[in-house]
Amino acid sequence: MNDLRRLIYVPILHAREDSGRTASILHGNEKNDIKNEKNDKELSAVDEMWDGIATKIGGLNLPWNQTRIYQDGLPVCGNELEIVTRHAESGSPNFLFILDLIQKRAKLEGTENIDLLIREYDLLNKLLMKNSNKDRKELIAEYQAKSRELLTLRDEFILNRITSTLQKGELPIVFMGVMHRLDKMLEKDFFVSYVIYRLPFRSMGTIYNA
Amino acid sequence: MPQKPSLLRANPILFSPLYLNAEKVSMEKLLSLYRFANLFFPQLGPGLVKTILDMENHGERLSANSSPEERRKLIREMKGLSMDIQYTLKDGRQKMMEFSIHIVPSEVLERAKLGKINLSQYQNLSDNLDKLIVRLIVKEIRRRFTFKMMEYFQTFLKSKQVPSFITQLLDMGWINRKGQLLKRASIDDLLTGKYREQFQRLMPEELLQEGMQIRETIKTCFAISQDNDDSLIQGAKKRHALLEITIRETKKQ
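So the protein lines, in turn, are chains A and B.
Sequential numbering of the first sequence, starting at 1, is according to the numbering used here.
Sequential numbering of the second sequence, starting at 211, is according to the numbering used here.
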């Protein structure tokens, strides 16, 4: 047990604005959506969550120059920093925080398999296609089943990525959506230390990405 | 202690186990309770869970302030101990609704020691609580409304001149000779649909009013259960947007 390396695990909620507060998507409805009151509350809850996470991580006094960051949804592609910057510019509190850690000299590591992310994107496309003849419930059930399978494959890839890229003496910090089961897989090789900020329950319900 | 039905139909969830003693939920006055709860306790379900969270927070602090050996000892000593918190709503002396929260302190401490939180469990807990309450309310208000209608149908059926609409409902198999509303009957069709006019002519205004209120309440209840899918779609749109940007940036290289 004592030989296990420490790993900081941050379960995150895939909040709405992880995609960027100004991102224009799909059918152009989101710009209107973001104006409504519900979204304002969500924005506030998400900000609160990330403030909380930042405070908790700040309190850990980690050796930043020896810390390697692994991020949910960040593919191994050589453009990792550009992707983080792009999302941060869009206003994503998750990526803004990652950028802040990079400025503190933490190292950013490509985490995910791009092919698997493209598969997830295709799945979402299918779910969100408005001209589908399938019943919405049926589509959701199909999406949930397939995304669960995909999640396992992604977790396996990320596990290998962490164990193969982490250098001696480095501390991994992993930001991963709460639906992932990566932490269970990591427990064999690491002493997993959780950093969690609790959202107010009601707010959590509204921004939760099940 | 009698076995309590688990809210999640499974072993106690991670963290403080919560049970809902569904068998104890009285069917009386649920509609008025629902309205009252909406006004005064809009977050009844989450509120209960929050109570548990607060207890667990305290458990974490306790855990952080004691040595591993002390914690192990405390957990060992508390094995077998449990605590029940009762939320009871009464009408006079009659219990209307009762929630039993069953807590096993050693399990709470064990989980606090591990420091693990599974937010999806909380989400499930809240959703299940909502769904259970919604199901009970829907069942009860349907029962009450059909019971009220039955009284009127019985009166008509006993009269010398049975109105043609009642005969029609009998022929359609929507009511039986006792005046009971049968399963195939659509309350919606009677209140607002194709039989609305005949129904309005026969039934007293207060019954129609109550019917409309009930219909509205059921609609609200179903809207609650629809909310999960809507959230999922909203989340999916955002995730889609995030991946779109990521994939586009990846291809720039």
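Simulated from the structure, these hints should not be mistaken for laboratory data.
Keep in mind that the hints are not guaranteed to be accurate.
[To be verified] As a list, the in silico DSSO-like pairs of lysine-lysine whose alpha-carbon atoms are at most 30 Å apart:
1. A/Lys137 to B/Lys388
2. A/Lys188 to B/Lys283
3. B/Lys393 to A/Lys188
4. B/Lys283 to A/Lys56
5. B/Lys462 to A/Lys126
6. A/Lys184 to B/Lys368
7. A/Lys107 to B/Lys462
Review point. Among the hints numbered above, which are violated by the structure, and what are their numbers in rising order?
Key: 1, 3 and 6
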